[in-house]
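Next come the chains, spelled out residue by residue.
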Amino acid sequence: MVREVKTEIITSEVARLCVEACYYLGDDVLAALKKARANEPSPVGQAVLDQILQNAEIASRGELPLCQDTGLTVVFLELGQEVHIVGGSLYEAIQEGVRKGYREGYLRKSVVEKPFSARINTGDNTPAVIHTEIVPGDRLKITVAPKGGGSENMSYLRMFSPAAGRQGIIDWVVECVDKSGANPCPPIIVGVGIGGTIEQTTLIAKKALLRPVGQPHPDPEVAEMEAEILERVNKLGIGPQGLGGRTTALAVHVETFPCHIASMPAAVNIQCHSARHKEVVI
Amino acid sequence: MAAIEITTPLTDEVIEQLHAGDNVLITGTIYVGRDAAHKRLVAALDAGEELPFDPRGQIIYYMGPSPARPGRPIGSAGPTTSYRMDPYAPRLLEVGLKGMIGKGNRSQPVREAMQKYKAVYFAAIGGAAALIANSIKEAEVIAYPDLGAEALRRLRVEDFPAVVVNDIYGNDAYEMGKAQYREVDG
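Just so you know, the protein sequences line up as chains A and B, in that order.
The opening residue of the first sequence carries number 1 in this note's numbering; numbering runs sequentially from there.
The opening residue of the second sequence carries number 283 in this note's numbering; numbering runs sequentially from there.
Next comes chain B alone, as it looks inside the complex (with noise of 0.2 Å):
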């Protein structure tokens, strides 16, 4: 299946064309954060402070690189299991992200806000790290560099591979590929 190349940020014509299971190559500016950084996303939201960054349109990436080497952007770059977001990723949907890659299932609230806002979420391979890296042009801290690994980062991605697991018809491609290869009742 040829894969959807997108561009970020991503507008609503975009995500209704996005479809459970479709794979996409994306290029432009992605943010990342994990735990920690939505902790603080959130806590900051609440405050009713600004964010480092405009999330309107934007992808939210769940990962943690490793160092990058001497003339290396990034190090390592793969995925982080995504529930851990999940009690904070409905509260930036609300504001305008349009986009999560992690692995792993979402939360049926993160579902719900997800068709709500009109957003996507999107899987990497999880422990394809090293090949994602290469797909990563540039990487900057912008906030929370106390953080280390967990830090706020931009970065500039060029065909940066990924699957469309929730879409915003309510669909899910974990369910769907598991339905179709189960062998077992239930």
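Only chain A is shown next, with the shape it has when bound in the complex (with noise of 0.2 Å):
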């Protein structure tokens, strides 16, 4: 049966999760910095951990968000193919939902159009990027993940050649986590796409970012590539916004999908300790 949801009740959620996202770090990052903060060997590393944990529970008061930074908004749509959209347009619901939110929420606008010549302030921080799954069902789930810019500018894509095997995709991973260093903010979540298309690849690597942090994939297989890189990356020496320490990473999330018998694409998005995204069932 065909469900009927509203776009003002869209725009008006996706106003809410802009501003719950920049004010209310989840309870899976905040537990996943605890940790981290009673292994930290550092006392450089505590320090900033401890400062990090005490910018959370100010922010979480609601006057201040937690960064400055509050991002491009990216949001995750999985509409239900039994919804039927009324009172207008699903993407322009979602973004003037952005456009309420970051103004009510006091939240930074930054976004510039033309990006290689004028980069004119939107005002608004609008257009939000858009992804769009059709699923069963009749419900419409909004996942809203702002990305700050300094994590965001710290991608990277390669496309191996099949011959690099597992031990390859590892080897790169690390190393594009090395050469990062402080700019991302650590310590870090690590995304990881393996497979599919140059557009697939870091879809899913960013997609991997959404996952409560630390939750290993269900796969054992990718699970324990995921541990193995993580404990790589935690030797690299970085450490809490790149002072030196052991907390380079939370997490390392690893999503694969497959490829062509040429291709093993694979992509590397990483997110700030600053890790948002709220998401509503509709």
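Incorrect hints may have been included.
[To be verified] BS3-like mimics (lysine-lysine), calculated; alpha carbons at most 30 Å apart, straight line:
#: 1; chain 1: A; residue 1: K179; chain 2: B; residue 2: K419
#: 2; chain 1: A; residue 1: K179; chain 2: A; residue 2: K100
#: 3; chain 1: A; residue 1: K141; chain 2: A; residue 2: K6
#: 4; chain 1: A; residue 1: K278; chain 2: B; residue 2: K321
#: 5; chain 1: B; residue 1: K321; chain 2: A; residue 2: K114
#: 6; chain 1: A; residue 1: K100; chain 2: B; residue 2: K398
#: 7; chain 1: B; residue 1: K400; chain 2: B; residue 2: K419
#: 8; chain 1: A; residue 1: K6; chain 2: A; residue 2: K179
#: 9; chain 1: A; residue 1: K179; chain 2: B; residue 2: K400
[Stated by the list, open to error] Quick look at which bits of chain B chain A covers, simulated, 3 or more residues with Cβ under 8 Å:
#: 10; segment: 341-351
#: 11; segment: 362-376
#: 12; segment: 382-388
#: 13; segment: 404-416
#: 14; segment: 428-442
#: 15; segment: 452-459
[To be verified] Computed spacing ranges between beta-carbons, pair by pair:
#: 16; chain 1: B; residue 1: N305; chain 2: A; residue 2: S89; range: 50 to 56 Å
#: 17; chain 1: A; residue 1: D27; chain 2: B; residue 2: K419; range: 49 to 55 Å
#: 18; chain 1: A; residue 1: K114; chain 2: B; residue 2: P369; range: 17 to 23 Å
#: 19; chain 1: B; residue 1: S389; chain 2: A; residue 2: E221; range: 36 to 42 Å
#: 20; chain 1: B; residue 1: R373; chain 2: A; residue 2: H260; range: 44 to 50 Å
#: 21; chain 1: A; residue 1: E8; chain 2: B; residue 2: I424; range: 37 to 43 Å
#: 22; chain 1: A; residue 1: R166; chain 2: B; residue 2: S389; range: 32 to 38 Å
#: 23; chain 1: B; residue 1: N453; chain 2: A; residue 2: Q215; range: 46 to 52 Å
#: 24; chain 1: B; residue 1: I286; chain 2: A; residue 2: R166; range: 47 to 53 Å
Just so you know, the hints here were simulated from the structure itself, not pulled from any lab data.
Where is the CB? At the ideal position from N, CA and C, for every residue including glycine.
Take the two lone chains and join them into the complex the hints point to.
What follows is the structure, given as structure tokens:
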């Protein structure tokens, strides 16, 4: 049966999610940061983690967002095929929600148009980047994930030859984290996509960041790879904010997709410790 | 480790006593500019025009705040990644800028310019933006208001927490910290 969902609800929910994502750090991230604090041997690293936790506490009072960079808004939709959107354009409803959320939540507008020329701020943080997946059912799931520029800039894509194998990918991911150093605001979460095509591998690398921090991939082979990369990354010495220590990453999340017989694409998308995403099912 | 309290403007005597890895608390006036403001500052210098502020002895903080709520001087105010200002920084150091606050590594030309002109690069904690906002007491836009979050600002800070990353002796706190905890070759 077809179920109607009104665009005005979508707008108000997107606005709410933008604000909540930017002020309230997820319990999974907080737990991972506290665990890291307990295990971090570097005194400077400990002090940095203490301040990150203190910052989350201040932000949760709802006056100051976690980070001044409240990101480019990335929105993931899982749209049930039985849903009928009424009241206007779905995407425009989402953009309106972003406008409202960023205005009312005192969030920074960080989007410019004409990327290689005038770079004029659009003034309302739109357009959001929207990824839509059509799924069975009559529900609409909306995930809002504001992504900061500093960590997004530390992204990498490589079209491997299949001969590079598992080890080739692991070595490369570790190298990507190493050369990113302090730039993406460690401790980080490393999103890795393996397989698919150029756009699919980068998309799954980003989606990997939405998984609860530290939750292993359900496939034991992938989970083992995640653990191996995490161990190696945390031996790099970069540490919290790059000032030295063993907590360079809180987690490594890998997602895979089948690929062409000639290919083995891989992508790395790094998430800073301000790992913000909130979701709702309508 | 106890923090070293410093006040702006910075003198050579103060710069000389700062070493990579030192914690500092900065009090006084600092200036705020990031990508777009730097582009304009350097364009002004190239055109032989006067800058909107006298850079001699001053600190520039690489930052673009979130909007201030009523009753607050500023919104959240953490550092942005510094390497994007590397193409512009030596030019400002040349005309007397003494300090930069940001996060992440600087290029070799910037590090050399810091040694040459006696300037220091500090890191603030990226993503601790709400915490940092508490040390900012006043803020005003002094130029380029059309840039919004990227406008040039003047702040009055009290006990603004930062770490010395690059000192005038060629040391780098990121390299030092990493070397201490690194368990891999190369």
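These are the hints, each one checked on the structure:
no.: 1; hint: A/K179 to B/K419; result: violated, 36 Å
no.: 2; hint: A/K179 to A/K100; result: violated, 38 Å
no.: 3; hint: A/K141 to A/K6; result: holds, 14 Å
no.: 4; hint: A/K278 to B/K321; result: violated, 36 Å
no.: 5; hint: B/K321 to A/K114; result: holds, 17 Å
no.: 6; hint: A/K100 to B/K398; result: violated, 49 Å
no.: 7; hint: B/K400 to B/K419; result: holds, 28 Å
no.: 8; hint: A/K6 to A/K179; result: violated, 46 Å
no.: 9; hint: A/K179 to B/K400; result: holds, 28 Å
no.: 10; hint: 341-351; result: holds (count 7)
no.: 11; hint: 362-376; result: holds (count 3)
no.: 12; hint: 382-388; result: holds (count 3)
no.: 13; hint: 404-416; result: holds (count 10)
no.: 14; hint: 428-442; result: holds (count 4)
no.: 15; hint: 452-459; result: holds (count 4)
no.: 16; hint: B/N305 to A/S89: 50 to 56 Å; result: holds, 52 Å
no.: 17; hint: A/D27 to B/K419: 49 to 55 Å; result: violated, 33 Å
no.: 18; hint: A/K114 to B/P369: 17 to 23 Å; result: holds, 20 Å
no.: 19; hint: B/S389 to A/E221: 36 to 42 Å; result: holds, 41 Å
no.: 20; hint: B/R373 to A/H260: 44 to 50 Å; result: holds, 48 Å
no.: 21; hint: A/E8 to B/I424: 37 to 43 Å; result: holds, 42 Å
no.: 22; hint: A/R166 to B/S389: 32 to 38 Å; result: holds, 35 Å
no.: 23; hint: B/N453 to A/Q215: 46 to 52 Å; result: violated, 40 Å
no.: 24; hint: B/I286 to A/R166: 47 to 53 Å; result: holds, 48 Å
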